[in-house]
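Work the whole structure out from these sequences, hints included.
Okay, here's what each chain looks like letter by letter:
Number of protein chains: 2
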Amino acid sequence: MASNWEEFYSSHPQPANLSKNEDLLRDFTARHLNGDTRVVLVTSGGTTVPLEHNTVRFVDNFSAGTRGSASTEYFLDHGYAVVFMHRVKSLQPFSRHFTGQKFLNMLDLIETKDGTSVTVTSENIPKIADVLRKYKSALANGKLLELSFTTVYEYLWLLRSACQILAPLKEKCILYLAAAVSDFYIPPNEMSVHKIASTKPQTISLQLVPKILAPLVSLWVPNAFVVSFKLETNKDLLIDKAREALNKYKHKLVIANMLQNYRQKVTLVTQQSSYVIELTTEQSRIGEEIEMYIVKNIVDKHEEFIADRSGRS
Amino acid sequence: MASNWEEFYSSHPQPANLSKNEDLLRDFTARHLNGDTRVVLVTSGGTTVPLEHNTVRFVDNFSAGTRGSASTEYFLDHGYAVVFMHRVKSLQPFSRHFTGQKFLNMLDLIETKDGTSVTVTSENIPKIADVLRKYKSALANGKLLELSFTTVYEYLWLLRSACQILAPLKEKCILYLAAAVSDFYIPPNEMSVHKIASTKPQTISLQLVPKILAPLVSLWVPNAFVVSFKLETNKDLLIDKAREALNKYKHKLVIANMLQNYRQKVTLVTQQSSYVIELTTEQSRIGEEIEMYIVKNIVDKHEEFIADRSGRS
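Going down the list, the sequences are from chains A and B. The first sequence begins at 152 in the numbering used here and counts up by one. The second sequence begins at 152 in the numbering used here and counts up by one.
Careful: at least some of the hints might be erroneous.
Copies of the same chain look alike in the list, so a pair counts if it fits in one copy or across any two.
In silico lysine to aspartate or glutamate, EDC-like type, Cα no more than 20 Å apart, as pairs [stated by the list, open to error]: (1) K278 to D259; (2) K416 to E440; (3) K240 to E429; (4) K416 to E433; (5) K351 to E341; (6) K351 to E158; (7) K240 to E322; (8) K278 to E262; (9) K264 to E429; (10) K264 to E173; (11) K264 to E274; (12) K346 to E455; (13) K253 to D281; (14) K351 to E395; (15) K351 to D391; (16) K346 to E395; (17) K321 to D451; (18) K321 to E454; (19) K399 to E297; (20) K403 to D178; (21) K346 to D391.
No lab work stands behind these hints: they were computed from the structure.
Listed below in structure tokens is the structure:
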């Protein structure tokens, strides 16, 4: 069991784009290593588990990427530099406000004899200007690095590399593990090479993905502030499951939430306590996001954590 | 076996938004029933098969929605009215050109003492103006109706309703079934209510989804021009599988494509013949899309089909 995760890595080859992503992570870390800027790695979106080597079908985990992409914006507001590690095509910070046809519906086409121009309609300018200003500032200041994954294998390889490269930031670094990572997978030697024929019913055997929080907390980023998420559908299990994870992996915080109301309510569970954050009806009505309050809380806890470490040393 | 699909519908309750979608389909059909406008129902994107009633995990089918969303634009170019029935968050016509951060990267923020404005950068105006013009025209002329689904159950309910409501258009109507629909499902009584615990390996039993092309062609839209798609990963099976589908369901055309090169090459298979459409390297280089050629071909075949029907009557 101890080397479970090592076996997992050795049986899944490293993704083709990993070294390129590692180069980007090294540049990003170097930029923020000496200085006061705090750093957070946000993971976001679901991971896939292919059923076939030539993948037509896959098992996926529910996650639009709302939590991770919204939280990234709020961390940037607090001055953090963010590595946003997200599922391909899940929501991204800033552009998340203008998905699908929303963006085209905000544009006016102006055709005159002098030529054609395209502008944002006046009623949409305040919102888009605010988003655009923040987005351009994050890029200009080198504060946002976006990396992506699709399968659970790509996720795990990229996560390990990111941890190892960010590790020198020590207590300045938060890991905010909001991605919905598959707990199950199909070993490569049990996968069909081609699309499974739809001629008869099928049985799929799923093995357990090793719990990666164990090496992450104890080996890869032993000095970072690690926050994990727990999503359940049965409220009787939620807090016990969160506490169980804290006892097992010895990290700082679990953000526990229910599928049914994860955008309105979360419970922040630490070794010592638990604390509920819940949007009021009025806060929801005026469009406030719970991620603003979650991130504010994490930033305060991170501040205490850094002060505590400095006091000790 | 004959009533297989009827049992399937009776064991999966109708989606909450179905009547609203049926109203939109009725308005759309009424608008185009008397007149020369031809109509196409385009299905697009993958369908999900939930593993739990409170769904955290699901099986999905590979499809970004490129084929369906691109084809929709080309059908509109040919004067067709389009019902675009797509997976929630898959690519949509027009906005598909500006996904993720692409759109924010095209905008300039201009802040002066007179106020703030946001414009599209000059180098991006030609492309966006062209897309915007077509999008606004399609909406203004009532030529585009967008409906969405997520699960295979929602897809099948919506597809049947759409067929039944579009049926009076007879031979004026094309069904262009580009969605990647699950061949498998889990019967409701075998599904877990809550999120499956990740404490031990799992086995999932998948049953066959009934082949809906059978009632669709023979009962729901017996006079329409029906085009289905066949995606394979093994080229030795591709054409045989397409021919097999045509023999079984008696529709007009199968567009056969390989996962590995579906954006460069397709084979149009009819009862009598098969015909390859393949982009040249030069066509790919200048950004041409294979859907332009596929749709042109289908529109010609639809024209012949209508002429043939009129000749007979």
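- prompt: Between the shortest in-copy and the shortest cross-copy C-alpha distance, which are at most 20 Å for K346 and D391: within, between, both, or neither?
  reply: Between copies only: 15 Å across, 40 Å inside.
message: Reference check for the pair K399 and E297, CA-CA at most 20 Å: within, between, both, or neither?
response: neither (30 Å within a copy, 48 Å between copies)
query: Is it within a copy, between copies, both, or neither that the alpha carbon of K351 lies no farther than 20 Å from that of D391?
result: Between copies only: 18 Å across chains, 41 Å inside a chain, cut-off 20 Å.
message: At most 20 Å between alpha carbons: which applies to K351 and E395, within, between, both or neither?
response: Only across copies: K351 and E395 sit 16 Å apart there, 41 Å inside one copy, limit 20 Å.
- request: Using 20 Å as the alpha carbon limit, work out where K351 and E341 are close: within a copy, between copies, both or neither.
  value: both (18 Å within a copy, 18 Å between copies)
- prompt: Are the CA atoms of K351 and E158 at most 20 Å apart within a copy, between copies, both, or neither?
  reply: For K351 and E158, the Cα distance is within 20 Å only across copies (18 Å; inside one copy 33 Å).
message: Within a copy, between copies, both or neither: which one fits K346 and E455 at a CA-CA cutoff of 20 Å?
response: neither (52 Å within a copy, 35 Å between copies)
- prompt: At most 20 Å between C-alpha atoms: does K278 with E262 qualify within a copy, between copies, both, or neither?
  reply: between (25 Å within a copy, 14 Å between copies)
field: Homo-oligomer pair classification [E454, K321; C-alpha up to 20 Å]
entry: within (13 Å within a copy, 68 Å between copies)
- request: Classify it for me, K264 with E173: is the Cα-Cα distance of at most 20 Å met within a copy, between copies, both or neither?
  value: Intra 51 Å, inter 44 Å, cutoff 20 Å: neither.
Up to 20 Å CA-CA - E395 versus K346, copy category: between (39 Å within a copy, 17 Å between copies)
task: Evaluate K321 and D451 at a C-alpha cut-off of 20 Å and name the case that applies: within, between, both or neither.
output: Answer is within: at 17 Å inside a copy they meet the 20 Å cutoff, but 65 Å across does not.
Of the numbered hints given earlier, the model fails hints 3, 7, 9, 10, 12, 19 and 20; all others are met.
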